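4 protein chains.
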Amino acid sequence: MRIGILTSGGDCPGLNAVIRAVVHRATMHYGDEVIGLRDGWRGLIDGEHRKLDLHAVNGIIGRGGTILGSSRVRPELLRDGVRHVLDVAADLGLDAVVPVGGEGTLKAAWLLSEAGLPLVGVPKTIDNDISGTDVTFGFDTAVQVAVEALDRLASTADSHQRVIVVEVMGRHTGWIALHAGMATGADAVVVPERPFDVERLTRWVNRRFAAGKRFAVVVAAEGAKPRPGTMPFETGGRDEYGHERFAGVARQLAVELEGRLGKECRPVILGHVQRGGTPTAHDRVLATRFGRHAVDAVHGGRFGEMTALRGTRIRLLPLARAVERLKTVPRSRYEEAECVL
Amino acid sequence: MRIGILTSGGDCPGLNAVIRAVVHRATMHYGDEVIGLRDGWRGLIDGEHRKLDLHAVNGIIGRGGTILGSSRVRPELLRDGVRHVLDVAADLGLDAVVPVGGEGTLKAAWLLSEAGLPLVGVPKTIDNDISGTDVTFGFDTAVQVAVEALDRLASTADSHQRVIVVEVMGRHTGWIALHAGMATGADAVVVPERPFDVERLTRWVNRRFAAGKRFAVVVAAEGAKPRPGTMPFETGGRDEYGHERFAGVARQLAVELEGRLGKECRPVILGHVQRGGTPTAHDRVLATRFGRHAVDAVHGGRFGEMTALRGTRIRLLPLARAVERLKTVPRSRYEEAECVL
Amino acid sequence: MRIGILTSGGDCPGLNAVIRAVVHRATMHYGDEVIGLRDGWRGLIDGEHRKLDLHAVNGIIGRGGTILGSSRVRPELLRDGVRHVLDVAADLGLDAVVPVGGEGTLKAAWLLSEAGLPLVGVPKTIDNDISGTDVTFGFDTAVQVAVEALDRLASTADSHQRVIVVEVMGRHTGWIALHAGMATGADAVVVPERPFDVERLTRWVNRRFAAGKRFAVVVAAEGAKPRPGTMPFETGGRDEYGHERFAGVARQLAVELEGRLGKECRPVILGHVQRGGTPTAHDRVLATRFGRHAVDAVHGGRFGEMTALRGTRIRLLPLARAVERLKTVPRSRYEEAECVL
Amino acid sequence: MRIGILTSGGDCPGLNAVIRAVVHRATMHYGDEVIGLRDGWRGLIDGEHRKLDLHAVNGIIGRGGTILGSSRVRPELLRDGVRHVLDVAADLGLDAVVPVGGEGTLKAAWLLSEAGLPLVGVPKTIDNDISGTDVTFGFDTAVQVAVEALDRLASTADSHQRVIVVEVMGRHTGWIALHAGMATGADAVVVPERPFDVERLTRWVNRRFAAGKRFAVVVAAEGAKPRPGTMPFETGGRDEYGHERFAGVARQLAVELEGRLGKECRPVILGHVQRGGTPTAHDRVLATRFGRHAVDAVHGGRFGEMTALRGTRIRLLPLARAVERLKTVPRSRYEEAECVL
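Chains as they are written, first to last, in this note's numbering: chain A, 0 to 340; chain B, 0 to 340; chain C, 0 to 340; chain D, 0 to 340.
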């Protein structure tokens, strides 16, 4: 067979491990040919590609980024160009395509699959917001990077008697904030799923100071918002792709808390370091397993499905189910964590 | 309630996170008193203990080791002293005990539970060999440490055209070897579950050199053994606790491979760095969840059970089931990895 | 003797290592008593202190922050309160004081020394801007943290064809930017010592793209400014202590470059992670040596001096000399680096 | 000009950064051509080489190993083949050679320089044992790796009441042991420069336990030896290159101490992880500066010299001086550290 692979959307540690696993499994076990499509869907629109053999994926398992490049494509472009994409795939002689990407990519994949492109998806998101899989690669690395930063910041906060508000990634879901907060014993975590009450947050932090502590750490997911009317809050609007823009919740919250607490409050925005660089061992193993099983799924004719982790096993599930709704943090996990407002 | 907690057996990153979570949940949610028992079961034999309040567990979530200390106790000592332990627990006024430990500890816990000690176990092992839970805290850290070392070693092996045989922990199971090998793209992995064929290993490595590579990496679990008769091999015998001693498989295998390959082969033994120090974010979260749910289980009267991860949820399961057999690497996982001999 | 020690100013990895070394040397070698003054100069104004014995400094060598706390004190407060400080020192029975701090602290120390307080300084700054010493502890850690972040960011930039502008610490000097830029092969570095020409910067980055590269990394010291008139630029003004406020050079530069290059430019502000947390081995050794030599200097009566590294040796030099001017990056180092605009 | 570069001897983090800096400086500033010689001196004996342009060194600054490969060559081979090497250099049209290597390499370089080969050396050693330079790249990384391992091991030793004897690199000098020991507050350090007294070591460790500590850490350089007659000790003999073999001092010392102390003592051998993998920021900057200055030295006709760090500056000094004796740890540094036996 001739299998095309592409990586699409934002960066995510583990992409290269998927590519490597796909090439290893396909070429060594099945004797397939693997074609790397350049810069995500763009490669399938423009036909830009290169052959991937064992040599091409040598030593990449632990490297950040993606050797295939990635780009954002406006959803309309794919929607209106389905016919064109099918033609390009045919011209390239592709028997199957393995797109590796997040929610947007998987939606596009589902659309193309419905239109007849033989395709097996691999979910990718540092945000852990894709339904149907226990977790995706990239998330563990993002949390680990955030935790290392939080550990560093906590020692300063402690010595210098400060409140720090640390903004981590998560526009629509609070998974990274929840895990990073739990792993560092943060005093409070605010998430997009639950508009926060700044009154209550202030009480929590004050109670801590009353108990003799000299500092506090608040972890805020990028997309967290206060309950309307409880504090002044500017949203960031939307960008050209229709995505919500960065609203600067940490900065706004730090100003508000400083006023309410009468203590020095500092915002810290961790930003893109969370989504790049060397993946953790956990993410490398998961990405490798996803890659291998995607190739097996191609050979099993399981088109229109994607790989997923369930417990300790890799399963396949219909793309339609994965994209029907975002996987948000459920109430049971908030309550378990206790630090979520 | 008055809850005793103890940590027993070898070191494991995440122990302090469990202790912290138990104290937080018990004191803040239930208003319990928590008693830390010193040096594992010894604390319950000698009655050595101290009160644990929020202050005592401040800042420990990310620290290696255990603030309670640990020690190895010969199994007979507990078996013959069940009556005594029950008396000590009664003298200390304990309503429940939460032992955190590996297979040996959980077996002892089960024995004591059968004898009437109200007890909820928390599994702990870097080896990932406890049945009934998808994974235990400590394992992710051990694999991560091994992977960081393997990444360092691979760059040297590549520049200096060597075969390195890296010995990782795992006397009875090959989980660490499997994951560390998968995460670094090792050329071969040998595990205790499957005696290896040194002929075949030699062929694998040679094939690699034939394909133009200049180095090779073999990952060996401590307890891996060659198929009888295929190469000279000295076992390490047993120690005073009846545990198998370290046989030095990497050293023996490196000598054998050097002879067969005619290339420089170097053994590296990673050793105890894998079982100590700061836990990964993954292990901190899991340990925290285990600690919290153990306290809830105590209040739910779920004695004789232990916490376990199943998919994304924490469940309880009977200790008897957890200790009935070691969780070894199943055939399906070997085959998936392809690098296991 | 009875020696007081205090840590003052912003956080800096290695402070605890200095404290530990002072306590070890003073108590074990000289039989001195060491008094820890709370929250920097405030401890010497309010008299808040505690005794530091070996037990108090156990296990702190690798921890971030400072067990003594720190605070910022307005310079006037010390200047006008010299008499009072001398009285407090006398009341506490201090034979000598060892202040550990940056430029502001050392200036205050010099003032107090002139007024008769027996005092030996230990320089501390992540910015490496203190004259008379080759380097100070904290700097190596700050650069290492910045480099780890830059490594992560570069892999994303490469895969996603972006220009990233990474802002590192350094309000008055470009040492961190220079070293972090050199260590990661950054395409351009802008520093406070040399107002940058945005035209030239654009040319450099464009040349890179012309050579077939798909991304570029610009490192900007916090205090870097464009040459007047070359691009719109808002400064951040000054805070209540008279320090320059954060102007957001990365953000402003990214906007400008995006316009000029027609490529996606992203600002990333590393912020306070650079000044907290576990010190590198290098900084722990240097801090330990400074601590020890400060105690020896006290016993040698070398008051009014401070510790300094010269080559491989620790020397003492007059505080007056250390504070006479900030150590900026010399022209020879720019030229050597070649990446500095 | 046409400049040849080679990397020789054991692995050392920073080699790729030197290669990159040589290529950048030579090609971009001087318009030179750079030739990479394969596998150290072997490339100059066999003539195996490849052209190095900017593209070839792209992204290597932070990678471990050496893209040129390395190998050990028996000294006689070079000594007897000087004529041949000069011929190969002439055939390749080399105007100068930049060998990057340790003591052995620099000795060979000096020999060849005396014989007329135009050559500028770059010192390389993780052991920090080359005279005339404050430090060499690779050393900081080796110490950092050892310190991270020691931090992990200490938490286990503390929880489990053990004495650990950690063996770090250093066959002839104790620099790594000294710095790693100082940076982690080790209880005792033994080094090759000073045969240790096991009686005294036992007293030190016992004193510690008497003071209420529950564990102890001893750092041993590979080449440390007991004073003759104080304990049984087997040396490792010599290998085919005449180098001393690994004697296993940690293992032998742990057995001896266990007998003397009546406590569990565990040896841990860190091994080759110390000499491979990603260099620290410090080593990348130093390696980059050495590479650049080596090219400037070539253009300045400073043949027969090598780059060196003195204070904050890069200097050149005659190879003859660098190789006349090994730089051992001086008495003043032992005494300063206080933990060295």
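Careful, some of the hints might be misleading.
For chains that are exact copies, the list does not tell them apart, and a pair is met inside one copy or across any two.
Straight-line Cα separation of at most 35 Å, DSBU-like style, residue types lysine-lysine; simulated pairs [claimed, not checked]:
#	residue 1	residue 2
1	Lys-50	Lys-224
2	Lys-224	Lys-262
3	Lys-212	Lys-224
It is worth saying that the hints were derived from the structure and are not from the lab.
Please read these numbers as outputs of a predicted model, since none were measured by experiment.
Taking the hints in turn, this is what the structure says about them:
Taking CA atoms no more than 35 Å apart as the test, Lys-50 paired with Lys-224 passes in neither setting, with 46 Å inside one copy and 40 Å between copies. Taking the shortest alpha-carbon separations for Lys-224 and Lys-262, both the intra-copy value of 22 Å and the inter-copy value of 31 Å come in at or below 35 Å. With identical chains, the CA atoms of Lys-212 and Lys-224 are at most 35 Å apart within one copy only, with a shortest distance of 27 Å there and 39 Å across copies.
Comparing the model with each numbered hint stated earlier shows that hint 1 is the single one that does not hold.
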